[in-house]
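A.B. asks: Okay, here's what each chain looks like letter by letter:
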Amino acid sequence: MNAGAALALYVMGAVTVLVLVLAVTPLGARGRRVPEVLALLGLAATVAIAVAQWGERQTAFSGELRVDRFGLLLAILIVIAAGATILLSWGEPAAAGRRPEFTGLVLAAATGMMLTVMSGDLVTLFIGIELLSVSLYVLCAIEVARGQSLESGLKYLITGAIGTALLIYGFALLYGVTGTTSLEGISARLGAVGSPAPEPLFIAAIVLVVVALGFKASTVPFHMWTPDVYQGAPTPVTTFMATGTKTAVMGAFLLVFTGATHQASGDWRVVIGAVAAITMVVGNIGALLQDNIKRMLGWSSIAQAGYLLIGVAVGTLAGTESVIYYLFAYVAMTLAAFAIVILREREVENGDHVEALAGYGRARPWAGVVMTLAMLCLAGFPPLAGFVGKFLLFGSAVDADMTWLAIVGAVASVVSVVYYLRVVIVMWAPPPGGRHEVRRLGVPRAVAGVAIAAGVAVIALAIWAQPVLDVCADAARALMIP
Amino acid sequence: MATTLSWMVLVLPLVSGLVLTGWPSEPPRAITRVLGIGSILVAFALSVWVFADLLGSPPEERSLTSRAFEWIAIGDVTVDLSILVDPLSVMMMLVITGVGFLIHLYSAEYMGGDRDYRRFFAGMNLFVFSMLLLVMAGNFLFLIVGWAFVGLASYLLIGFWYERPTAVAAAKKAFIVNVIGDVGLVLGAVLILRETGTLDYAGAFAGAGSIGADSGTLLAICLLLFMGAAAKSAQVPLHTWLPDAMEGPTPVSALIHAATMVTAGVYLVVRCHVFFDLSWLAGDIVAVVGAITLLMAATVALQQVDIKRVLAWSTISQVGYMIMAVGLGAYASGMFMLMAHAFFKAALFLAAGIVIHALHGEQNLDRMAGLRKHLRVAYFGMGAGCLAIAGVPGFAGFFAKDDVLASALAGGNVGVACWVIGVIGAFLTALYMFRLLFRAFFGPEPGGGYRPVPHPSRWWMSVPVVILGVLSIVGGLVQVPFGWAGITDWLQPVTGNAPSVLAPTHTTEVVTVITSSVVALAGIALAWWLFGADPARRLRLAGVARSTREVMRGGWRFDEVCDDVIVEPGRTVADVMWAEVEPKGPQGIITGTTALLRGGARLVGASQSGLVRAYAFWMVLGIVAVGIVLAIVVTGAV
Amino acid sequence: MPWVSILILVPLAAAVVVALMRDRRIARVVALAGSTLALAVSVVVVASFDRGVAVMQQVDHLDWIPSAGVSWDVGVDGISIWLVLLTTAIFTLGTVAACQRLPEQRGSVFLGLILLAEAGLLGLFTAGDLILFYVCWEFMLIPFALLIWNWGEGGQKTAGLVFVVYTMAGSLLMLVAIISTGIIAMDHTGGLSFLIRDLQGVAFGEATSTILLAGFLIAFAIKIPLWPLHGWLPRAYSQAPLVVTILLAAVMSKAGVYGLLRIGLPVFPEGVGNVVIPIAILALTGIVYGSLLAWRATTMRLLVGYSSMAHLGFIVLGIIVLDRMAAQGAVLQMVNHGLVAAAAFVIVLILGRGAGTEDMDRLSGLAKGAPRMAVAFLIVTMAALALPGSNAFVGEFFILGGVFNQYAWMAVIATLGIIYAAVYMLRMYQSTMNGPVHGVRDDGRAVEMTARDAIVLIPLILMMMWIAVWPGSLVGATRASTDMALAPAQLADGRPVEQIGILPARAALPATDHPEQP
Amino acid sequence: MGEAVTFAVAAVGALGFGIGVVFFRDAFRAAVSLIGTLVSVALLFIALLAPFAAAVQVIVYAGAIVVMFLFVIAYLGDRGDIGTPDRLDRWQVIGWMGLMGLGAFGAIVVQTSTAGPVQAAPASTDVGSPASIGDAFLTGHLLAFEVTSLVLLVAAVGAVILARGAVQGEGGR
Amino acid sequence: MSVPIGAYLMLSLALLILGLIGVMRRRNPLMLLLSVELMLNAGNVALIGFSRLWDDPSGQVFALVVMVVAAAEVVIGLGLVVAIFRSRTNLDVDEMSSMRG
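Residue numbers (the numbering used here), protein chains in the order written: chain L, 1 to 482; chain U, 1 to 638; chain E, 1 to 518; chain Z, 1 to 173; chain A, 1 to 101.
Hints are computed from structural coordinates only; laboratory data are not their basis.
Values in this document were obtained by computation on a predicted structure and should not be read as measured data.
Be aware that one or more of the hints could be misleading.
[What the hints assert, rightly or not] Partial list, derived from the structure: chain Z residues whose beta carbon lies under 8 Å from chain L: (1) Thr6; (2) Leu43; (3) Gly103; (4) Val109; (5) Ser132; (6) Leu138; (7) Val147; (8) Thr148; (9) Leu162.
[Unchecked claim] Label-pair ranges, simulated between beta-carbon atoms: (10) Val576(U) with Gly191(E): 53 to 59 Å; (11) Gly209(U) with Arg452(E): 56 to 62 Å; (12) Trp404(L) with Glu3(Z): 40 to 46 Å; (13) Phe205(U) with Val412(E): 22 to 28 Å; (14) Leu462(E) with Pro569(U): 56 to 62 Å; (15) Arg164(U) with Val412(E): 33 to 39 Å; (16) Leu462(E) with Gly394(U): 54 to 60 Å.
Heads up, the beta-carbon is just placed ideally off N, CA and C, and yes, glycines get one too.
In isolation and in its complexed conformation, chain L is listed as follows (with noise of 0.2 Å):
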């Protein structure tokens, strides 16, 4: 019952109550960045606390959270997220009057992420992610003043009411079969029983725990009310969105499936393989035709949980490395690209419209720049980190020999192209009415910050991917060998 060990969480928890309170003191006032400051305070000293405990591997709270390099991993790139969404929110007119509630919710959001990936009991696994969703209902419609907010908001809710309860529903049966909600025990009780003829009741949980998360990862036969809340909400909380509530789900699938039950993988590989594989394909289609960069970067993000499911489909050690490795990759691309369009949209009316971004590259062309590193590396073009992301998840699945699903990535790929580079395009060309008319409103230098060491870090995980895969291989062996 260490307490200590569960200290990175302890300040989460401390920093979101704080944060939250401040809502309704006058510190909480305009002008005064106190929530903000607060909170990034918070979310440094979390990561120096998780990079502190890196080394030992143990559990706190009973079982129910295991601090162990694959949870401090994940954790800190939720809490990178979390950090460059406050600071992508840092002059959002959508959170003009309630910046203190706005940031709080991020950080509960954080927290809840960071409950997800670092949980070793179905209980904490599954108030983790209700946390992390009750907190995004709230982000989504917190620009009450606009229908669309609101629209998204509810639309969330909805459907993510129904992922709830099959999820409550999925794991009751997998407690059902085993007996026990601990992770631990669930693949223990597994193992012990060794390859049982399977257990319909286990295929039914199977089934709905898979329905449940392919949902929260917003995969393809769910993955319906992605675009229009992606367009509705807000631009730092669709951020967030994209990029923890990705890294968390993944964890969560990682945790269930190749931690728990990877006895009996020779199971849902298959099935979780054909939701990556339909994901690619559909996603990839789907963002052809958009012209709201917005929905379009959606779309993007659906196909992108296509290749991090190739991973978790595989089920190997080199599968989980390579899902870690390219979560970093896609939270710095996803980052980069929502910068530039926050950046664009605080500054032209309607600014999430494709054709807002005509011409942006010549009248700024660092924008331009990060903006097509950005598109470059989600396409997977080499030499970039997107590239390195997808050469491993296609190795591993090579490796685990279900080739067809590397080449369905590939050709999902190269659908991918498409669209991306059309954005190049619009970037790089002429603006539509001669010189540009770029106000020349300062631009938000909290804003171009994360953009540009977005850009860097899409880079930089490249050129140094030794290093980052050796991190990540310690982080998959945690996972892997309890």
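Use these hints to put chains U, E, Z and A onto chain L, whose structure you have.
C.D. replies: Here is chains U, E, Z and A on its own, set in the frame of chain L:
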């Protein structure tokens, strides 16, 4: 010693040609003349020196090869840049540079009025260089290179007046037929390379025995080489380009389409006589083609109205004689005919040139008559040429043609058939040549006299015609039946004494001398009767066999047939490819996939109806789908 | 001194510096300096090249992702030495041409992208690691695509997109094939490595080898382009700015063929056996098809584009028939075609600029006012139709020779290409140069080759003449490596031993697969 | 024996009220039938020896949540519900078939499952008692317990934001 | 445990399907949330059934946590419904399809 001189002979025209081309602006006429003509004169002098040097050395040491450097070593074959100096190539060098020099001298004035004076001489020099490279090359590869350069030079010179669309078309036609010939030669060389492992003459001919006499491969080699020769020497299927080549200036026609280029085919067959000796069938095919060309060309020449086209068809016919001779194995007599033909055909062309020059570009026989009073030199040149070419005893043509026919008679039943065709050809030759002579130089002047009286040309043009005239008279004495055989002895080390090499026997000599003399004189008499005695008779006889004469004037419709059979189908196939296959096939892949993707995107977009309940609905279907897949996997797997 | 790595990094660095520059004049100077420096380095690499050695030389090895067996491994050998020199030379001349007629819109980025493409191509030709080969293969796509979009001429912008997506479709399949090769080889050799020299010794077994080879061949076929997959060629060539078309046709088109010889044959010898006939037939179709389309092409660009498709068909034929002479001829022909295609497009550039239009039928009689141009154009035309005596003839003759040794009927069909080459090249030359003066002012003097054009065109012609006069100097260096690349495939295909150049001592004899394999 | 009777009654109650929740046109009646379902489920919990859960169910679920529903339904009145035909008719059939498939799949699974411990647990254990649940909460699932408080805090903040937004929307403070 | 666990599971499955029907049928978000509550109850029944089967308290703990979460969701759901109602008169879920494609 001889080889270094030969290198100089080869390089001189090249250097002068390059200097003329590279000259920044239009050089003064004097410099063009000095460079253009001088280089050929020096080359001729050096060739004579080489000839003398070879003559001095014993027969067995007359074949010298000299290697400049190792050109390429690829796969397991190495090819050197090397030249072969032996009696055959020296003889060709003499003819090329000798006649070439006279023609260069002649064209100094003939082209006087042309703006691109420098470009003409550069072209002519490059032509002489290519011809020398062709005859002096030491291996098949550089033979092909020389061959192609000759084709290029002829393209440039035929299309010299490139502003005239007809000249441009003629040049293109000549070049493409030449490329077809090249392809044949390349395939032949490649086959030789495969069989004997080397491209050098010495190695290839030594290895020829191992290919197996009269085997299919050997026949293939010979026929492929002959395909190249036929294209260059304008033999039957590939001869259509020569008459059109008359679009070029007359000196060009003289040099290229009379003296040197067309004889390259003959040279090639003689050079590769080892192959032809081993495959009798190939020899006979070549001889038959020669014979057919001979007869066909003679008939067509009879009907031509343009003075240069008459000479062009006559060249095709005479080369037919040479090809027939070498086909049968009479290499020496073929070469003798080649040399003699060079002299009198050049004389005829240059004389015609004087006529054209004097009449300011007029080439149509109908508008010419009675020129012997005005153009004495042209008359002498044309007369000597006609006498020689007709084979009137005592003249060069008589001895050469007689030697060919005599050898043919001794060559088995194919030889006899060729002899008969040869005799008929000789009769027709005499007929059409003297038709030309009488119509142009005898009879009353058209329209009561030429308005601007045609003034004779200056010495530049007259001297070469006179020299060539004299040569056509004297040239034959080199090899006299029953006397001495200069050419045969000279070429003996090259052609060697393989059983298939033909030589005229005593009896065939006698028979041929008599028949050819009688036939020649008969031809002249008929020509005098038809055209000389009473110019009006020609008009009266115009109605006789009008349709056949029409066909013969059109060159037996070879052009039309060739277009319909080869060119048009190619064009239609290309159009089909361009209009049908390209848009549907390769482009179709692109348009097809883009349409597919666009359709898919619309479909996926449509399913995004924005209705919350629809999403819930799809979720249920998703659950069922995942359940079914898993059930299949589990039951399947278990 | 890791000259080869420096060779790749110089244009890369120059590209970044130039692209970021505001002032066009300085950008021009830096771009020229960058490309000439790259040329100098490549000359050093060529100078220190040892002709006798068949294996990769001057190798710089640096681990990039050791756990995944990926490394920065560059080196030069007989096959790639002349291609490297060709690349730097053509790009230097290309930069000069680009500087002369720099587009006003963002000229510095234009030059930067050209240098970036050069870096990508140099990387491709010197890559010894399959993944690095793939990275460079894709890396050079981006600059060309951007160049075609932003500065493309005529018609809509889709050419660039089609070009990228089409090539990417092939190359991504190649990526899966590369990964499978690496992983399957891992079972044989223990460690995971993507180095070509390690993968060469692995006996994959006929079936796997063929499948993997097919994965590679699709990507190479699109890039060469082989017959059915050339849909992108007319669009890219006609819509790209001419300077880019020069680089595309002269150097980038070699990537596919180079890949076939560098990776296809040595690494998958067993698979090559049953691929020879299909590829040869496609190549032959390409030759005839390309020639016919060139004959009917309307603009000069399309004519030269389709003709280069025919020439590349020849080169592929030379390689695939597994004959030593043909392969060595093909390697030489790659360089020849590069020079000829570059020269041809430079001439189209000069004509197009002078006469304002590239439609052959609307121009004629230009030789009258532009004699120097006529002479240069004639030399290039004669080289393009491989007139015996020109540099292209050397390659073509020995390719025909080699092909004739193996499959005589193929050589005969291939000669159709030569005949049609004469037809369409003469059509191009005559319809613009000869005939009455028409379609251009003051007698075509505008089309005359000025000193600026000469700087670009004359070096190309001089290089062509050097190869025509003494081809041995080039072929000598390539013989050993080509033989080594060919040997395993010849052995697997059961060719008689005397036809094989170097017995692959180190490489395992796949046919026999005897135990003591190293 | 008693357990079978309570199970039967609870099952009938739950399903009956459940159908009511789904098919009643009027919002108010649907909400009330939800209360009925919840109470029947509570009865089930008692049958399953989980009295504490049953109590919480009745108090929290039925008492608090459904009351809120009733309050909002009352607040919105009938403006909320519109009778226009929904636009999913043509897909309806496939939807039903999907559900039937799901039901069948579930039935097969339930029948064939052999889950559960080797020997059945004795009837009278006190697992469901508040003491053991309290113990379980504070030992096995302390973290979950803590985080639920955080979830509720977030829900509260969310409600405040949405409500305040709405009020400001209408000119309130 | 006289009544077999299967019976409880069948009941919870029935409730789940009823909930799904409700979700697909209703167009008023309030009614939708009601159906979702139904599905959550189905989950709880299963949980507590298995807890009884395994004689293990964590099932019931899970059920209680689910109730808390359900409460939180309902709070926000109703808050959203009220907010939307104030900004727009009708509450047709189908109307809310301004974002599509």
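A.B. asks: If you check the beta carbons of Leu462(E) and Pro569(U), does the distance land in 56 to 62 Å?
C.D. replies: violated (41 Å)
A.B. asks: The hint names Leu138(Z) as touching chain L; please verify it with the least Cβ-Cβ distance against 8 Å.
C.D. replies: Where the cut-off is 8 Å and the nearest Cβ of chain L is about 10 Å from Leu138(Z), the hint is violated.
A.B. asks: Using the beta carbons of Leu462(E) and Gly394(U), state whether their distance is inside 54 to 60 Å or not.
C.D. replies: holds (57 Å)
A.B. asks: Quick one: are Val576(U) and Gly191(E) within 53 to 59 Å, going by C-beta?
C.D. replies: For Gly191(E) against Val576(U), whose Cβ atoms are near 55 Å apart, the range 53 to 59 Å holds.
A.B. asks: Could you say whether the range 33 to 39 Å given as a hint is met by the Cβ separation of Arg164(U) and Val412(E)?
C.D. replies: holds (37 Å)
A.B. asks: Can Val109(Z) be said to touch chain L, with a Cβ gap under 8 Å?
C.D. replies: holds (4 Å)
A.B. asks: Next item in the hint list is Thr148(Z). Is there a CB on chain L closer than 8 Å to its CB?
C.D. replies: holds (6 Å)
A.B. asks: At a threshold of 8 Å, is the proposed contact between Val147(Z) and chain L supported by beta-carbon distances?
C.D. replies: Check passed: Cβ of Val147(Z) comes within 5 Å of chain L, closer than 8 Å.
A.B. asks: Would the hint on Leu162(Z) be counted as holding, given a Cβ-Cβ threshold of 8 Å to chain L?
C.D. replies: With a closest approach of 6 Å, the Leu162(Z) hint holds.
A.B. asks: Closer than 8 Å between Cβ atoms is the bar; does Leu43(Z) clear it against chain L? Give me holds or violated.
C.D. replies: violated (19 Å)
A.B. asks: Report holds or violated for the interface hint on Gly103(Z), using the least CB-CB distance to chain L and a cut-off of 8 Å.
C.D. replies: violated (12 Å)
A.B. asks: For the hint 40 to 46 Å, verify it against the beta carbon of Trp404(L) and that of Glu3(Z).
C.D. replies: violated (52 Å)
In this structure, the earlier hints numbered 1, 2, 3, 5, 6, 12, 14 are contradicted, and the remaining ones agree with it.
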